[in-house]
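Engineer: Here are the chains, one letter per residue:
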Amino acid sequence: MKEVVKRYKEVVALNRFNFEINEGEIVGLLGPNGSGKSTAINCLLGLLSYDEGEVEVFGRRVSPDDMDTKQRIGFVPQDLSFFAELSVIDNIRYFAGLYEQNNVKRDEMVREAIAFVGLEKYTKFAAKKLSGGLKRRLNIACGIAHRPEFVMFDEPTVAVDAQSRNFILEGIKEMNQNGSTVLYTTHYLEEAQELCDRIVIMDEGRNMASGTLEELIDLVDPTEAVHLVLTHPSDAVLKLISNIPGVVDVTEENGKAVILLTPPGHRLSSLLEELKNNEIYYSSLYSELPTLNDVFLKLTGKALRD
Amino acid sequence: MKRFFSHMALNVKMSLKDKSTLFWSFIYPILLLSLMAVAFSGIQSEQKSIAVAVEPGHPYADVLRQIDVLDVKDAECDEALKLLRDKDVDGIYRADGVLLVRGKGMNETVLSEIGSELKKVGSVYASGRSLDFTRKYVERGDQEQGMLYVTLSASIGMFALYGYFSGISIVHHVQANLSSLAARLSTTPISRLSYVSAGLVSGVAMSSLQTIGLLLYLKWVWKIDYLADPVRTLLLVLTASFFGIAIGLFIGASNRWSLKAKVPLGIALMLLLSAASGMMGPGFRLYVENNLPWLNRYNPVNMISRTIYRLNVLGSTKEFTENILIFVVAGLILCIVSLIFMRKRQFKSL
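Top to bottom, those sequences are chains A and B.
For what it's worth, my numbering labels the leading residue of the first sequence as 1, then goes sequentially.
For what it's worth, my numbering labels the leading residue of the second sequence as 1, then goes sequentially.
It should be emphasised that the hints constitute simulated quantities derived from the structure, not laboratory data.
Fair warning: this is a prediction, and the values are worked out from it, not measured in the lab.
Quick reminder that beta carbons are idealized off the backbone N, C-alpha and C, glycines included.
Just so you know, not all the hints are guaranteed correct.
Capping the alpha-carbon separation at 35 Å, the derived lysine-lysine pairs in DSBU-like fashion look like this [to be verified]:
1. A:Lys256 with A:Lys298
2. A:Lys135 with B:Lys260
3. A:Lys135 with B:Lys344
4. B:Lys82 with A:Lys129
5. B:Lys19 with A:Lys129
6. A:Lys129 with B:Lys13
7. A:Lys105 with B:Lys223
8. A:Lys105 with A:Lys129
9. A:Lys9 with B:Lys348
10. A:Lys9 with B:Lys13
11. B:Lys17 with A:Lys121
12. A:Lys135 with B:Lys13
13. B:Lys13 with A:Lys124
14. B:Lys260 with A:Lys9
15. B:Lys344 with A:Lys129
16. B:Lys344 with A:Lys124
17. A:Lys124 with B:Lys348
18. B:Lys19 with A:Lys121
19. A:Lys129 with B:Lys260
20. B:Lys344 with A:Lys2
21. A:Lys128 with B:Lys17
Here are the in silico distance ranges between beta carbons for each label pair [said to hold, decoys possible]:
22. A:Phe58 with B:Val337: 30 to 38 Å
23. A:Lys128 with B:Ile27: 32 to 40 Å
24. A:Arg16 with B:Tyr298: 39 to 47 Å
25. B:Phe5 with A:Asn178: 28 to 36 Å
26. A:Asn18 with B:Tyr298: 55 to 63 Å
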């Protein structure tokens with residue numbers, strides 16, 4: 001997507017949005033609700049028109065009539081979108097049949113998809129009778145049964161229990177290992193961190209930053225926060241701590257000190273050594289590495305879940 | 001072609017597995033018609049002929065006596081007026097050809113229709129040709145059928161158009177800006193023409209099956225034969241079902257209202273047209289026919305009910321071909337316009 005602008009009357013949903021995904025990648029579109037993630041996906045799918053810019057999939061301009069491209073892509077929408085009255089197997093069979101006319105091949109795809117989402121025990125169940133998590137799995141099966149080269153997931157884990165969520169994320173990784181390129185939108189930063197090779201941070205329709213997790217964290221002058229409960233807190237102790245190499249800031253309240261270290265992930269052991277050498281005692285300690293939320297906060301001035 | 005059958009199978013399966021569809025399509029019509037049959041069959045059996053006084057010298061006195069629906073009392077002017085005042089008769093055919101009636105009820109309308117008919121065909125009658133005035137009257141006004149037939153025919157007309165609901169459902173499966181399922185299907189290599197055609201064929205089949213089932217039920221259980229002319233009746237039912245689905249496609253595709261708006265709209269429209277056709281009793285129908293005759297001429301419910309009644313009760317094919325053609329042509333136009341609305345395109349919003 002190049003310089004794509006999409007307006008809904010006065011609201012600019014995509015504001016000169018740039019984005020690309022390479023073959024074999026899992027790329028996450030991360031942003032809060034209303035940041036333009038679904039709009040971007042709908043433009044990629046040829047469902048939405050846009051006001052400016054270019055959108056290409058497989059090097060071809062997106063068009064609602066482009067059946068060849070449609071044959072190669074898969075889509076798992078945020079809303080549950082299948083035939084509620086039909087059984088699990090009838091739904092998957094129908095969707096797979098839209099891509100594959102050979103019944104033998106189609107049925108093989110259906111079996112694979114059912115196994116993939118772990119719905120073997122529920123094939124004869126009416127879709128409407130499944131639990132929320134199982135419906136999500138069916139929603140995914142309908143979108144991936146035809147083994148798409150490029151598959152787009154639009155917040156597939158919204159309102160899903162932890163077990164189903166893990167199942168879904170593991171499945172997506174496996175799909176990627178089997179050759180599918182994956183675009184994954186979410187507002188859960190943990191999912192983006194766990195799943196994606198590359199992350200695009202979106203806010204107000206713009207691409208704020210993109211890269212690997214490490215690249216994104218490096219963008220924002222990151223620090224590691226070490227929380228200590230000091231046995232004998234005092235100004236002298238805090239001064240000693242502030243002189244330890246790598247410590248950029250120390251604050252203390254009610255005996256609890258927060259030490260900011262840089263670069264993150266490399267200084268903790270030397271900090272502990274220095275605390276020991278300086279006879280600074282503490283009753284507990286934990287460390288917080290920087291997260292995408294910190295990155296998001298720095299880039300947009302607000303937390304991801306605001 | 002394979003996908004066409006796959007879409008058809010999908011539609012049929014969905015209809016058969018949806019309990020609410022099954023109820024409203026098959027059970028509810030049977031319940032309603034049974035209720036009507038119970039409620040009105042008593043009235044029908046007790047229905048009396050219309051008492052009317054005929055003054056000596058009325059030019060068609062002999063003809064009036066031949067009409068089964070009339071109970072003719074020969075009376076002089078004063079005696080006739082007394083009968084009318086005492087409510088022993090509903091009207092007087094005076095010697096000068098004028099019809100005198102008490103009010104504006106159904107019987108008075110029937111008398112008026114007969115009077116008009118006699119005047120219209122008077123010259124032909126004078127020429128000596130044999131005429132069946134009863135048949136002629138019934139074919140024109142349909143009033144004689146009584147409440148049972150009026151309400152049953154109108155209800156059948158309404159149920160024959162139930163394909164409307166299939167029509168809007170089809171659109172909400174393929175037009176991306178109407179439902180998330182449609183948006184999803186629009187990202188697949190689905191052929192809209194194939195999907196809509198399959199939905200149309202399965203919808204016509206289901207809707208026709210429902211109407212024919214209803215007619216068989218009336219015939220076998222209530223001994224009311226609306227299948228005396230089965231071939232023409234089937235053709236009428238098929239074309240009416242097609243027209244019903246075409247209306248649904250058009251209403252479904254021409255705007256962005258939700259299903260929650262389109263379904264009640266269809267129900268309201270059908271009830272109104274059915275009421276105009278006499279489903280709620282003959283009063284409203286008479287009012288419409290007297291004041292808005294064009295409405296009932298092209299009211300699809302009335303077209304179906306009128307034709308089905310004529311075919312099977314009167315043995316008349318009057319308006320049959322015309323009505324079939326209207327349903328087919330109008331249905332085709334609605335389908336084409338709907339397909340234009342449903343063409344593949346990118347939407348400004350979903």
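Engineer: Now, for every hint given, state plainly whether the structure supports it.
Structural biologist: Results of checking the hints against the structure:
no., hint, in the structure
1, A:Lys256 with A:Lys298, "holds (25 Å)"
2, A:Lys135 with B:Lys260, "holds (23 Å)"
3, A:Lys135 with B:Lys344, "holds (28 Å)"
4, B:Lys82 with A:Lys129, "violated (73 Å)"
5, B:Lys19 with A:Lys129, "holds (14 Å)"
6, A:Lys129 with B:Lys13, "holds (16 Å)"
7, A:Lys105 with B:Lys223, "violated (53 Å)"
8, A:Lys105 with A:Lys129, "holds (28 Å)"
9, A:Lys9 with B:Lys348, "holds (10 Å)"
10, A:Lys9 with B:Lys13, "violated (41 Å)"
11, B:Lys17 with A:Lys121, "holds (20 Å)"
12, A:Lys135 with B:Lys13, "holds (20 Å)"
13, B:Lys13 with A:Lys124, "holds (14 Å)"
14, B:Lys260 with A:Lys9, "holds (26 Å)"
15, B:Lys344 with A:Lys129, "holds (33 Å)"
16, B:Lys344 with A:Lys124, "holds (33 Å)"
17, A:Lys124 with B:Lys348, "violated (38 Å)"
18, B:Lys19 with A:Lys121, "holds (24 Å)"
19, A:Lys129 with B:Lys260, "holds (22 Å)"
20, B:Lys344 with A:Lys2, "holds (24 Å)"
21, A:Lys128 with B:Lys17, "holds (11 Å)"
22, A:Phe58 with B:Val337: 30 to 38 Å, "holds (35 Å)"
23, A:Lys128 with B:Ile27: 32 to 40 Å, "violated (20 Å)"
24, A:Arg16 with B:Tyr298: 39 to 47 Å, "violated (55 Å)"
25, B:Phe5 with A:Asn178: 28 to 36 Å, "holds (31 Å)"
26, A:Asn18 with B:Tyr298: 55 to 63 Å, "holds (57 Å)"
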